[in-house]
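Student: Chains as they are written, first to last, in the UniProt record's numbering: chain A, 1 to 379; chain B, 1 to 379.
Hints are computed from structural coordinates only; laboratory data are not their basis. Careful: at least some of the hints might be erroneous.
One copy or any two copies: either way a pair holds, since identical chains are not told apart in the list.
[As the list claims (entries may be wrong)] Once the Cα atoms are required to be at most 25 Å apart in a straight line, the calculated DSS-like pairs of lysine-lysine come out as:
| id | residue 1 | residue 2 |
| --- | --- | --- |
| 1 | Lys158 | Lys256 |
| 2 | Lys9 | Lys350 |
| 3 | Lys346 | Lys376 |
| 4 | Lys243 | Lys331 |
| 5 | Lys46 | Lys9 |
| 6 | Lys89 | Lys170 |
| 7 | Lys346 | Lys9 |
| 8 | Lys46 | Lys67 |
| 9 | Lys46 | Lys34 |
| 10 | Lys9 | Lys376 |
| 11 | Lys9 | Lys328 |
| 12 | Lys158 | Lys259 |
| 13 | Lys328 | Lys34 |
| 14 | Lys243 | Lys328 |
| 15 | Lys46 | Lys259 |
| 16 | Lys167 | Lys259 |
| 17 | Lys324 | Lys9 |
| 18 | Lys331 | Lys237 |
Listed below are the residues making up each chain.
There are 2 protein chains.
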Amino acid sequence: MKAFYGDLKLGILGGGQLGRMLIQQAINYNVTVKILDPDREAPCRKLCDEFTVGSLGDYETVYNFGKTVDLLTIEIEKVNVDALEQLEKEGVLVYPQSRIIRLIQDKGLQKQFFKENDIPTADFQIISSPRELLQSTIPFPYIQKLRRDGYDGKGVYKVVDESYLDKAFKEPSLIEQWVDFEKEIGVIVARNENGEVSTFPLVEMEFNPEANLVEFLISPSTLPFEVQQQAEQIAKKIAESLKIVGLLAVEMFLDKNGKILVNELAPRPHNSGHQTIEGNVVSQFEQHLRAIFNQPLGDTTCLNNAIMVNVLGEAGYEGPAVYKGIEKVLKVPGVYIHLYGKALTKPFRKMGHVTIVDADREKAIEKARFVQKTLKVIS
Amino acid sequence: MKAFYGDLKLGILGGGQLGRMLIQQAINYNVTVKILDPDREAPCRKLCDEFTVGSLGDYETVYNFGKTVDLLTIEIEKVNVDALEQLEKEGVLVYPQSRIIRLIQDKGLQKQFFKENDIPTADFQIISSPRELLQSTIPFPYIQKLRRDGYDGKGVYKVVDESYLDKAFKEPSLIEQWVDFEKEIGVIVARNENGEVSTFPLVEMEFNPEANLVEFLISPSTLPFEVQQQAEQIAKKIAESLKIVGLLAVEMFLDKNGKILVNELAPRPHNSGHQTIEGNVVSQFEQHLRAIFNQPLGDTTCLNNAIMVNVLGEAGYEGPAVYKGIEKVLKVPGVYIHLYGKALTKPFRKMGHVTIVDADREKAIEKARFVQKTLKVIS
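Working from the sequences, and respecting the hints, build out all of it.
Tutor: Rendered as structure tokens:
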């Protein structure tokens, strides 16, 4: 890679909150940042050297954008991979690599990759037609997921019994045995081009079932050491099998029998790593930059108990965002507010997050509950 | 103050590294940031919502810029204060207040303020003409400082004996008894409009005598508790006497007899507080924002030993900056690089800083020395 501090042009596909936090960190390295996003009001629009409005799914748009940078990364997987492949051929560095984005875009290929590489995952079957679904051998209940373009709970359907089948997706999908899990857990792993691999400590998640979003995340996990170690080893194994360059978020279930099953991958900074900004020696954003710049990876040690609370648009409100309770929340020591610069709120939209740190885990949880009930985004 | 998250227009006079780090933090609060700076290549130029090129000393320029914002702050004291005064009269919030910037711009007024408020400081005399200098009663050696526009060691002259007098400044100046100090120390204090006052823990500085710049800063200090307590009390007393809104950096000497003498004030984020980004629960930049937004001040507790090393342009090089040794430095755990986005280096120009954290103070110092000899800015 050419000497880059000062003159490296970094392109990011997507200009949302992940890009925004990546820029906050990239500022420290004098990088020239260019952003492509379809929304002219995207959170990154004013924070980069160049902001281009355009479709992330369009070959020409992504290709033309990529030709203006030295290194291209993503903050969302739903991008035109053919363009990325062509850019790689023409010498643009694309991290994560296009083949990995292609694999991860398709939940079916992702599952097959797990199977081929002995990565523990729930039993599954790839479904190409409604007829195949009727003939499937996975017992009820199971989860049907669209192979492509699902996110944040969209494109996911729980098939409890036969009566649910008529509302099932008709598109190519994947069905997975329902996991009656104890906990959702996650590990973020990074790998640089030199092959150095490093994991962040395991985190535990709590979902808001109504919004189907992570709304509460605890770092580090207090699960038994063997579970932590096993989860980190699985994440490392995946990163090494993929030979990914960049960050990889590995979402997992811990089932009632203490078995870990990998759910999904995201090849980028992830909502489940936001607490690393204040909670760990290096943040996921710093680590992603180090990985894609092929620099030594940073120390991921936890500095403190850290809880991440998503700040979601309140149900029933849609329009220009108003934040209630900020002053009360800032009164609590060890509370960090991150707003994402989105002008409009709507129900369950991710408007920001708050990290709460405390040397006492119970106190951290108590503070997090206070933040959750105090900070509201209305209109 | 009007509900501001999302719609507060914050103006910053100056677009250098302090503005840059303030923006990195302000991003978390959805603030619209406008910058005024004379240099079209200033470090903030691409990171704000609006960047205006113009003189900070010109009444019309500052006034017109100020009229476009709700809240105006500074990252450099050398600004047109008459314009700020007028803006205050017209309802723009100016923090720190114009009267404080006016006081601090004039080292003579600053010293008189110390005297009137019983703030310990070296004996001094205000000098308005070369004749007055010859008749001064301060014994040799003493330091002559221009009353206005000195910075980073410029406008300062040591008068060792009579033979030095012919090279002394002719302009209005201040002479101060030479302090044979043991250590330079500093406290950053913040005050919000509600009158809440909070200090960061005392830090110790080491200067590069050749460059006359802080190049090494250790936080927290290991000086005796009484010294720490006294220094923090002095800083609080100054903030309260001034009724400042915002941050105030208080530079002090600890003399050989253990007595603290206040040297100078800076009413803004300061080089001696950069280590707070990683070393303390809240950073000086977060604290400045909380103070000027009249929000509860944050917890300033140290999380770790933190050392701040200035990254200065290497002597003998002038031109487009090239950074040597970054990879070696990033290999060391607990090292954080902050580059300031300046295209051109020159001898001793502040091009960035590095913070080093370690639970072991001696190890932190060792790492800092390694960083200092490894990371070089050449051309």
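Student: With reference to the structure, classify each hint as holding or not holding.
Tutor: Results of checking the hints against the structure:
no., hint, result
1, Lys158 with Lys256, "within (19 Å within a copy, 75 Å between copies)"
2, Lys9 with Lys350, "between (29 Å within a copy, 23 Å between copies)"
3, Lys346 with Lys376, "within (12 Å within a copy, 49 Å between copies)"
4, Lys243 with Lys331, "between (45 Å within a copy, 21 Å between copies)"
5, Lys46 with Lys9, "both (17 Å within a copy, 14 Å between copies)"
6, Lys89 with Lys170, "neither (36 Å within a copy, 67 Å between copies)"
7, Lys346 with Lys9, "between (34 Å within a copy, 24 Å between copies)"
8, Lys46 with Lys67, "both (22 Å within a copy, 21 Å between copies)"
9, Lys46 with Lys34, "both (11 Å within a copy, 11 Å between copies)"
10, Lys9 with Lys376, "between (38 Å within a copy, 22 Å between copies)"
11, Lys9 with Lys328, "between (41 Å within a copy, 22 Å between copies)"
12, Lys158 with Lys259, "within (22 Å within a copy, 73 Å between copies)"
13, Lys328 with Lys34, "neither (37 Å within a copy, 27 Å between copies)"
14, Lys243 with Lys328, "between (46 Å within a copy, 24 Å between copies)"
15, Lys46 with Lys259, "neither (45 Å within a copy, 49 Å between copies)"
16, Lys167 with Lys259, "neither (31 Å within a copy, 80 Å between copies)"
17, Lys324 with Lys9, "between (39 Å within a copy, 19 Å between copies)"
18, Lys331 with Lys237, "between (43 Å within a copy, 23 Å between copies)"
Going through the hint list in order, the structure does not satisfy hints 6, 13, 15 and 16.
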